[in-house]
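There are 2 protein chains.
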Amino acid sequence: MTPSDAVDPRVIRTRHDVPTVALRLLIDEGWEAVTPARVAAEAGYSRATVYAHWPERTDLIRDAFAQYGGMPHHTPSGDTDLDLRGELESFCRAMVEHRLDRALATLAERAQTNPEIAPVRDRFVADGERPMRQTLPALARGPEAEAALLMLCGMVTHSVLMHGRAPTGEVLDAAVAIVVSGLGSR
Amino acid sequence: MTPSDAVDPRVIRTRHDVPTVALRLLIDEGWEAVTPARVAAEAGYSRATVYAHWPERTDLIRDAFAQYGGMPHHTPSGDTDLDLRGELESFCRAMVEHRLDRALATLAERAQTNPEIAPVRDRFVADGERPMRQTLPALARGPEAEAALLMLCGMVTHSVLMHGRAPTGEVLDAAVAIVVSGLGSR
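First to last, the sequence lines map onto chains A and B. Take the first sequence: its position 141, counting from 1, is numbered 141 in the working numbering, and each next residue is one higher. Take the second sequence: its position 10, counting from 1, is numbered 10 in the working numbering, and each next residue is one higher.
None of these hints come from the bench; they were simulated from the model. Note that beta-carbon positions come from the ideal geometry of N, C-alpha and C, so glycine has one too. Heads up, some of the hints might be wrong.
[Said to hold, decoys possible] From the structure, some residues in chain B lie toward chain A, with a derived Cβ separation under 8 Å: (1) 14; (2) 30; (3) 171.
[Said to hold, decoys possible] Listed next, the stretches of chain B that the computed footprint assigns to chain A, with coverage defined by at least 3 CB atoms under 8 Å from CB atoms of chain A: (4) 104-116; (5) 119-132; (6) 152-158; (7) 161-170; (8) 174-180.
Could you build all of it, start to finish, from the sequences and the hints given here?
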């Protein structure tokens, strides 16, 4: 970013407005709706402006997903059980309240067939998993930590994408208890 | 099915060939490719025949996914650890060898926006989870069994759909050990 970009409020506004509209279209209408022309029209900018900032559609899609960057995570307390449980709760809430279910389903589907989308997915997923990856080393390392991460995140992903609903609080409690006691007894 | 349907080998062949082609198109080219016209052309049948057997596109999609019904599962041994591990292995193998990754990603994505597809997904997922649901009661019931199921299936779903690869054997081993010891120590 050049200094002039950094201070021009129009650029800042464009860089905020356009990806916000792109994400809304993606969630409400699906992938095909996120074209530069449609996003420009909905956001109230010219197509030329959208193309100037996002020459490739993939750039626009990546910045749309980056809107989730400000999504609330659980605030770590230092208590591993509580932190894992809190992070699962945030993940479930984002699925429902911020339609992360739709965003992830679309991203997973497109990444299968479009090699340009796989890095967008990988980065998005890495950002989402970071808090849990920071908590788990208190309990385990190596393949055990990886298994715990995949199981805890996976139970939410699988439940939402494959069953159409987030796990209940009771099931989330049971999962954290199983993982913590399973790692502790080894 | 009427007795005449049951014995007419042409009907049996059609009911096999058309969904097989539909699944191949779904995996290779995606959802949009699975139209009655395209499937008829690829399978070497008339469009009228396809419409006669599958009046709705959803019917054709459901029968395409039903092709996975014959997918090999692990043969239960009665040893819970081995059976959970074997079932995870079968799940991972289907993801890679039978492109279940693409099928699941597409199903998850479409079920989000098309209410007719949600029951197709639900039935497909229930069929896939059945062997693990039959093994888990040896270890736990209620929310603990549900948490274990979602974590074990979810680690594969999450890894494949969100990381683009199946978990390693070492990570699968660690997951089964965590769940079995976590449930046992409670």
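Broken hints, by number: 1
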